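Asker: For reference, the chains in residue letters:
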Amino acid sequence: MQKKLILDQDLLEITISRLCYQLIENHNDFSNSAILGLQPRGKYVADRVKAKLELLLNKEIRLGYLDTTFHRDDFRRRKFPKAANETMMPFLIEDRDIVLVDDVLYTGRSVRAALDAMISYGRPRSVELLVLVDRKYSRDLPIQPNYIGKSVNTIHTQRVKVEWREQGRKNDNIWLFDNLETQ
Amino acid sequence: MTQLSVPHLLGTKNLTLDDFHLIFETADNFKEVINRPIKKVPSLRDITIANVFFENSTRTRISFELAEKRLSADTVNFSSTTSSVKKGETLLDTINNILAMKVDMIVMRHASPGAPHFIAKHIDARVINAGDGTHEHPTQALLDTFSIRERYKSFEGLKVAIIGDILHSRVALSNIFALNKLGAEVMVCGPNTLLPKYISSLGVKVELDVFKALQWCDVANVLRIQLERQQIKYFPSLREYSIYYGINKRMLDKLDKEITIMHPGPINRGVELASDVADSEHSIILDQVENGVAIRMAVLYLLAGAKA
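So the sequence lines, in the order shown, correspond to chains U and D.
Letter by letter, the first sequence follows residues 1 to 183 in the numbering used here.
Letter by letter, the second sequence follows residues 184 to 491 in the numbering used here.
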């Protein structure tokens, strides 16, 4: 099985820093903004972004986790239903500027479900999308990210896998696998 | 695992420990959903569910209906008192006629034990038992154990007393199966005439003195006297029952510990439970009702999500 390293630990940190500076450009001091990590893996990116932003802005940044399982459009079309994860929404979404954060953007269907799930909590003033890896030319829906860590050209048989230290890995790494098996 | 080991929910007896944990974890998420400003998710929008009730029900029926609506399912309600069952239609014919209208799931309550099992064998749709006679009431046991889990986190070493009319209670049987599997210790308590003869063979302790049962337990699940199922007299009078088996605040104050009081409803206030207990801080009766919707959403979601 062929695999290629897209981002290693050092590059990942630089990338997160860059994304944070881009966020600050648009959101200033984040007084009306909040980060919403998409469960299950977007939360790791969101945690990193929050930590970096807090370092840069020297203030607490609002962070939530959003689970999209019950809003997915592939329910009853998969062999097993997907396991749900915790949603944590410690702030009001009404009239806020929300940054949705996920690890990999592929077909756009998870983000569609996330938009749907998020609206259940209220009407945000604006919504943006930040992804660590954008798999270009693979969208099923008209969804594009505002902030991109790295863009990659992939074909459907390839898989992007993000490994985090929080998951017990030695280093943060992002891999591109050449066939469907990622393990 | 994200799939139940069973295609239908007929009882807690045939659920595995993994099934319980999967249902609880899914219900945790649905509990969060029903506390959102918009309490609806679109998961079951292409599913039609028939609530087929051959017996009276308030809580269970409303709870199932709300759970179905929160999941965006289409629902039809059937009540035997206003249906053609009165004209002599058989159970299977009735169900098959409902299914012919493209219904995907059946939630059924019936006075005869085993009725949902019979139906599940003969039809394609998923069946959920919402109470079959004196046999099982799995979603009630699931919401009871879910409520206990919420308060105590673990079942290991936890002592649960089920007090009242054990003989006629489907809630008792489903709770015993569930609690045994989850690792809690179970005691049943009631007058001798209302305890099934071989109940101890299910691995439960038997106690006749309600105060001793309260002293032993961490959680007391108090059951209603099911007069509608009692063909003969099992005790001289309700007044006498309430004197010997009714639980009041004075009794709880005499205990050297705090216990939790549960009741599946409907409560006969002043019979099995005095108002000062039912409305006290010991009682989690209304939490049980709230959790009922989350548990039923979880069960519906997991059963509907599995491909046939």
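FYI, nobody ran anything at the bench for these hints, they're computed from the structure.
Small disclaimer: the values here were computed from a predicted structure and weren't measured.
Beta carbons are placed, not taken as given, at the ideal position from N, Cα and C, and that holds for glycine.
Worth double-checking, as some hints may not be accurate.
Stated by the list, open to error - Computed beta-carbon distance windows for the label pairs: (1) D/449 to U/22: 56 to 62 Å; (2) U/32 to D/458: 46 to 52 Å; (3) D/366 to U/78: 27 to 33 Å; (4) D/222 to U/142: 49 to 55 Å; (5) U/32 to D/204: 37 to 43 Å.
Asker: Range hint 56 to 62 Å: satisfied by the CB atoms of residue 449 of chain D and residue 22 of chain U?
Answerer: 59 Å, holds
Asker: Taking 27 to 33 Å as the stated bounds, is the beta-carbon spacing between residue 366 of chain D and residue 78 of chain U within them?
Answerer: 32 Å, holds
Asker: For the hint 49 to 55 Å, verify it against the beta carbon of residue 222 of chain D and that of residue 142 of chain U.
Answerer: 29 Å, violated
Asker: Can you tell me whether the CB distance of residue 32 of chain U to residue 458 of chain D sits inside 46 to 52 Å?
Answerer: 49 Å, holds
Asker: Has the hinted range 37 to 43 Å been met by the Cβ atoms of residue 32 of chain U and residue 204 of chain D?
Answerer: At roughly 40 Å between Cβ atoms, residue 204 of chain D and residue 32 of chain U fall inside 37 to 43 Å, so the hint holds.
Consistency note: the structure conflicts with earlier hint 4 alone.
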